[in-house]
Amino acid sequence: MHELYMELFNKLGIPEIFGEITWPIIPFVCVAALLIIVVLFLVLMERKVLAWLTIRKGPNRVGPFGFFQTIADAIKLLIKEDIMSKDTNKILFTLAPMIVFAPIMVIYGLMPFTEKFVAINLAAGLFLVFALSSLTTVGIVLAGWASNNKYSLLGGMRSAAQAISYEIPLIISVLSIAVISETLNLSDIVDAQSGGISYNILLNWNIFSWNIWPAFIGFIVFFICSIAEVNRIPFDLPEAESELVSGYNTEYSGMKFALFFLAEYSALFIISVLMVTLFMGGYLSPFNGYLSNILFQNIIHNQIILNIFVHFEQAFWLLAKTYFVILIIMWIRATLPRLRADQLMTFSWKFLLPLSLLNLTIVAIVKYLLNTGNI
Amino acid sequence: MVLENTIQKEMIINVGPQHPSTHGVLRLIMTLEGEVIKDTKPVIGYLHRGKEKLAESRTYFQYLPMVDRVDYLSSFFCAAAYCYAVESIAGLKVPKRAEYIRLITMEFNRISSHLLWVASFLLDLGATSPLFYAFREREEIVNLFEQLTGQRMMYNFYTFGGVKQDFPEGWLTKALDLCKKMPKMFDEYEAIITKNPIFIERTKNIGVLTPELGIDYGITGANIRASGVNLDLRKPCSYSVYDEINFNVHLAENGDSYDRYLVRIAEMRESVKIIEHAIKQIPGGTPEKLKMKKVNCNCGNENCGYCGFDSQLTGKKANMVVFKPPAGEAISMVEAPRGIISCYVISDGTTKPYRVKWRTPSFSSVQVLPELIKNRNYSDLMPIFGSLDVVLPEVDR
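Protein sequences, first through last, are from chains A and B.
Residue numbers are given in the numbering used here: position 109 of the first sequence equals residue 109, and the series is strictly consecutive.
Residue numbers are given in the numbering used here: position 199 of the second sequence equals residue 199, and the series is strictly consecutive.
Any given hint might turn out to be false.
[Stated by the list, open to error] Simulated restraints, written as ranges between beta carbons of each label pair:
hint, chain 1, residue 1, chain 2, residue 2, range
1, B, Glu212, A, Trp331, 41 to 49 angstroms
2, A, Ile91, B, Leu47, 40 to 48 angstroms
3, A, Phe41, B, Val208, 40 to 48 angstroms
4, A, Ile25, B, Asn205, 42 to 50 angstroms
5, B, Asn205, A, Ile71, 44 to 52 angstroms
6, B, Thr173, A, Trp331, 32 to 40 angstroms
7, B, Leu47, A, Pro286, 53 to 61 angstroms
8, B, Pro20, A, Ile328, 21 to 29 angstroms
9, B, Pro20, A, Ile91, 24 to 32 angstroms
10, B, Cys237, A, Ile328, 46 to 54 angstroms
11, A, Leu358, B, Glu212, 25 to 33 angstroms
12, A, Leu78, B, Pro20, 47 to 55 angstroms
13, B, Leu47, A, Lys80, 24 to 32 angstroms
14, B, Cys237, A, Ile164, 55 to 63 angstroms
These are computed hints drawn from the structure, not numbers from a lab.
Where is the CB? At the ideal position from N, CA and C, for every residue including glycine.
Please put together the full structure from these sequences, using the hints given.
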């Protein structure tokens with residue numbers, strides 16, 4: 001890809017140095033664009049899905065099927081006055097939404113959306129993802145503290161308590177994935193899930209070698225914890241609307257609030273992508289090989305064009321699985337009431353943590369037996 | 001010494017008057033230690049409209065539309081309480097058919113009020129869907145009311161000695177259809193709420209109202225029945241025509257938030273049965289049939305089933321301008337959705353009441369709140385306060 005890009009500069013007669021400078025920026029521009037598109041669509045999707053689940057119509061005035069509703073909302077938020085009350089800590093108050101938003105944006109760069117579409121391919125990508133995702137809590141606590149509002153403070157404190165207790169089972173359940181695939185690189189984790197369990201027909205489908213089967217308990221734990229991680233019902237205590245008005249973002253308005261909003265939905269998307277990457281084969285198709293390979297190999301003989309088709313298909317599979325996971329999370333939101341703070345802690349420490357340890361033990365034993373060839 | 005002054009263990013927090021889940025405008029001054037509620041002081045009066053004082057400068061009929069606003073979610077009950085009080089001072093007899101119409105409308109109103117309670121209670125707990133499900137059913141009841149009275153709230157339908165209008169044609173059939181549909185709808189709520197583990201965990205053994213405490217504070221209605229006290233005025237007093245109808249009073253044992261929920265759901269189911277029973281028994285039958293028979297009957301007999309007293313809508317028509325009950329006083333008690341609502345009227349023989357006093361059930365429920373949430377987590381405020389079914393306009397009048 002790099003050569004192709006440089007060739008473009010050569011053909012246009014622009015000095016190559018510009019190409020060298022702009023080359024590293026491209027992935028981040030792509031990631032930022034992806035994030036905005038994803039969030040715009042996700043907000044609309046959430047509103048539509050919730051409307052269907054609660055016998056309503058949902059947004060249907062702005063554009064076809066209310067498609068431009070979120071854009072209208074975004075414009076509204078952008079042109080709103082940015083209100084800051086008198087006794088807030090102005091620096092921290094401004095900094096907090098950025099601290100919440102920035103790490104999530106970096107995580108977007110770490111995710112393998114297709115085989116090649118990875119902005120930063122790190123050997124310890126999985127590790128960095130969790131290191132960054134726990135940073136957002138700092139921003140939330142900061143927002144709660146800097147707002148000089150008692151509800152916000154309570155929301156921030158709850159968020160800290162929640163993050164501490166839910167990150168542990170989350171990471172332990174992810175450890176089992178590292179054990180299975182023997183790597184921390186996200187692309188390699190996806191690759192390790194291909195191939196099926198045998199060479200027979202049907203059994204060589206990728207779906208049978210997804211990590212979800214050996215680490216099913218881990219998947220359940222990860223799913224629950226990731227809902228808690230993105231502060232959604234039934235774990236939306238930091239912003240419990242009926243108790244804490246709006247929790248940590250009560251005092252925020254305008255673009256600062258929009259950043260929180262953006263962070264919330266982009267976190268929801270990226271945690272679902274992570275779930276799909278770790279447990280459900282990421283961008284791999286559930287079948288044996290890619291459909292576009294099978295369908296087009298006799299029609300298109302140019303390998304590069306075929307490759308582009310394959311990439312689109314990989315993105316399609318990733319998005320399909322991700323939106324399926326998001327749909328379930330939204331479904332849960334429409335069904336369940338909110339937990340109480342102490343019940344949340346009890347649930348995490350007394351139920352999820354032992355479960356995740358059990359999962360790790362099972363996975364480790366199975367892996368050991370497989371490696372020694374006893375199975 | 002300086003440290004001791006600056007580091008306070010307790011935090012005073014103002015919940016309301018503008019807060020998403022105070023059901024109107026209640027203000028709670030709370031002392032929190034961490035998230036544990038140490039002390040609560042309810043402050044009421046933000047919705048005070050002077051309903052009692054207003055009565056003294058208006059004639060009896062002028063005050064009639066105002067009583068609907070005492071509790072806007074159970075307008076029919078407030079109107080009934082006022083009407084019964086004035087009727088007993090003035091010695092007006094209410095025809096049976098009017099009483100049946102009152103009963104049917106009141107029971108429908110009870111269901112719609114409870115439905116709104118289910119919606120707001122679950123919304124307080126963080127579940128959003130039940131709100132819309134409950135409003136779907138409430139809409140149908142409100143539509144029925146609209147056909148009957150012309151209003152969706154504040155019906156102004158009862159008058160002294162009866163009701164203002166008969167059912168419109170086809171109303172009873174629609175009501176019966178709705179009654180057939182409603183138990184299935186209640187099953188839907190039960191499916192999503194009653195056995196929901198999170199809901200059970202949040203409401204079981206939370207906000208336990210012991211019978212003694214409830215009686216001390218004067219709690220009535222479903223709240224006290226959930227504590228196991230058999231207090232339902234419809235049974236012993238049978239103020240309307242409740243003695244002609246078979247129904248059960250539903251009780252629970254523990255008196256926690258979950259039991260209050262169960263009692264209310266059971267009461268809704270019972271109300272449906274009461275309505276079905278009442279529609280079967282209503283003197284004169286459907287309005288179409290009654291109109292036909294009345295034309296053909298013309299017997300002039302007082303006890304005739306079609307043109308006698310009991311099939312009338314109002315007994316003696318009172319003149320709106322010169323309606324003067326004799327001097328005297330009366331108190332009426334009606335089993336409203338939130339508890340016993342009582343209206344005390346003193347008449348001095350003029351066209352205006354000398355004094356009207358309302359005793360409303362939500363007032364007691366707000367009063368008992370600090371006792372129930374003491375030393376509990378702040379998150380328990382909503383399951384407890386929501387389950388008490390408080391409507392703030394009713395507290396302040």
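Now for the hints, and whether the structure bears them out:
no., hint, in the structure
1, Glu212(B) x Trp331(A): 41 to 49 angstroms, "44 angstroms, holds"
2, Ile91(A) x Leu47(B): 40 to 48 angstroms, "41 angstroms, holds"
3, Phe41(A) x Val208(B): 40 to 48 angstroms, "47 angstroms, holds"
4, Ile25(A) x Asn205(B): 42 to 50 angstroms, "59 angstroms, violated"
5, Asn205(B) x Ile71(A): 44 to 52 angstroms, "48 angstroms, holds"
6, Thr173(B) x Trp331(A): 32 to 40 angstroms, "38 angstroms, holds"
7, Leu47(B) x Pro286(A): 53 to 61 angstroms, "59 angstroms, holds"
8, Pro20(B) x Ile328(A): 21 to 29 angstroms, "27 angstroms, holds"
9, Pro20(B) x Ile91(A): 24 to 32 angstroms, "30 angstroms, holds"
10, Cys237(B) x Ile328(A): 46 to 54 angstroms, "52 angstroms, holds"
11, Leu358(A) x Glu212(B): 25 to 33 angstroms, "47 angstroms, violated"
12, Leu78(A) x Pro20(B): 47 to 55 angstroms, "26 angstroms, violated"
13, Leu47(B) x Lys80(A): 24 to 32 angstroms, "31 angstroms, holds"
14, Cys237(B) x Ile164(A): 55 to 63 angstroms, "57 angstroms, holds"
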